[in-house]
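Q: What follows is each chain in one-letter form.
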Amino acid sequence: LRGLLQRCWVRLERGLLPPFSGGQSPPWGPALAVQGPVFLREPVSDTRESAEERSFLDNILWMAAPKKRRTIEVNRCRRRNNKKLIKVKNNIDVCPECGNLKQKHVLCGYCYAKIKAETRLVRLEIKKQEGGPFNAPAVETVILYDGEKPTEKDEGKRIIERPRRRPSWFVQN
Amino acid sequence: AGGTWASRLLGWVRPERWLQAGSFFPLSCIHMGTSLQKSMKWEKKNRVVYPPQLPGEPRRPAEIYHCRREIKYSKDKMWYLAKLIKGMSIDQALAQLEFSDKKGAKVIKEVLLEAQEMAVRNHNVEFKSNLHIAESLTGRGHYVKRIRYHGKGMFGIMRISRCHYFVKLVEGPPPPPELPKTGFDQAKEYVQQLRSRTIVHTL
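Chains as they are written, first to last, in full-length UniProt numbering: chain B, 1 to 173; chain W, 1 to 203.
Hints may be right or wrong, so weigh each one.
If the Cβ cut is set under 8 Å, some of the chain B residues that face chain W in the computed set are [stated by the list, open to error]:
{"#": "1", "residue": "N81"}
{"#": "2", "residue": "L85"}
{"#": "3", "residue": "I86"}
{"#": "4", "residue": "V88"}
{"#": "5", "residue": "K89"}
{"#": "6", "residue": "I92"}
{"#": "7", "residue": "L107"}
No lab work stands behind these hints: they were computed from the structure. Note that beta-carbon positions come from the ideal geometry of N, C-alpha and C, so glycine has one too.
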């Protein structure tokens with residue numbers, strides 16, 4: 001009978017102590033004096049931190065977590081299904097000008113780079129002629145290459161000279 | 001709490017542990033593949049020399065093995081590109097890679113062009129377009145751990161991953177794609193299986 005009573009008492013203690021380890025005032029303390037001891041024990045910042053930690057630890061119980069490890073077979077099924085594989089493109093053609101590959105709805109990269117380089121040199125010429133910012137004249141611009149003279153149509157226009165042969169893709173009007 | 005975090009962080013920085021284990025227990029190193037030494041098996045495959053073919057034998061198609069090691073890219077992301085070009089002809093593969101938006105596409109394109117050049121120069125391949133990709137694989141390179149700083153003094157440990165890329169070019173047109181198994185084919189196989197059964201332990 002004494003062994004039974006001892007075991008019951010140990011079980012009661014175990015049952016009482018875990019809630020007490022949370023740091024709250026002991027349940028058998030005086031009910032009216034609950035507020036006082038809590039504030040006198042710790043400073044305000046600690047209660048906030050400990051409250052946050054405690055609520056964080058409580059929230060863990062309600063947060064979603066994976067129950068089992070996803071096997072490599074399941075992972076492979078997800079990573080390798082058709083939606084995730086890269087699709088083969090069927091809109092690739094050959095550029096008739098340079099012979100490089102190009103997408104049907106996009107300009108050829110090589111030709112575009114070529115034109116971009118020439119445009120950059122023309123813009124440098126313009127910069128030299130203008131001298132500073134906000135000096136763009138209110139007239140059209142005409143670009144003339146080696147051995148080209150301005151025609152009657154280019155009367156009032158600004159003329160940019162480029163000291164090279166006219167490239168084949170730059171058609172003169 | 002900060003002290004325990006710092007000690008846990010520095011806990012994995014112990015490279016001398018490897019060498020110490022080797023010096024104390026030399027017998028235990030016999031079956032350990034020393035991973036500090038890099039294995040260059042794919043490069044060695046190019047050095048295989050076959051005996052000269054007999055006059056009646058069909059011509060053995062040329063095989064070119066090429067790889068690039070320690071590419072700064074993830075092996076899983078690289079795998080998608082490798083899967084894309086598996087079984088294609090080299091021209092089609094180069095076209096697909098040129099217009100792919102992935103970072104690894106540029107790297108794989110360089111590898112393929114290098115391999116094509118090697119094939120024409122060293123491996124007696126007549127036409128550089130007459131190659132197809134028999135195998136294209138990715139492998140894991142060396143990973144390095146680094147600290148990623150978060151807010152409020154928290155940190156995470158990120159891994160900088162690298163990958164290898166292996167490709168095997170074979171001379172000849174690409175093999176025709178395998179047709180998916182039809183129900184009729186499966187039924188035929190089943191009937192064949194049933195017919196080839198024998199009764200055991202009888203006359």
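Q: Would you mind marking each hint as holding or not holding in the structure?
A: So, going through the hints one by one against the coordinates:
1. N81: 12 Å, violated
2. L85: 6 Å, holds
3. I86: Cβ of I86/B sits 5 Å from chain W, so the hint holds.
4. V88: 6 Å, holds
5. K89: 6 Å, holds
6. I92: Cβ of I92/B sits 5 Å from chain W, so the hint holds.
7. L107: With a closest approach of 13 Å, the L107/B hint is violated.
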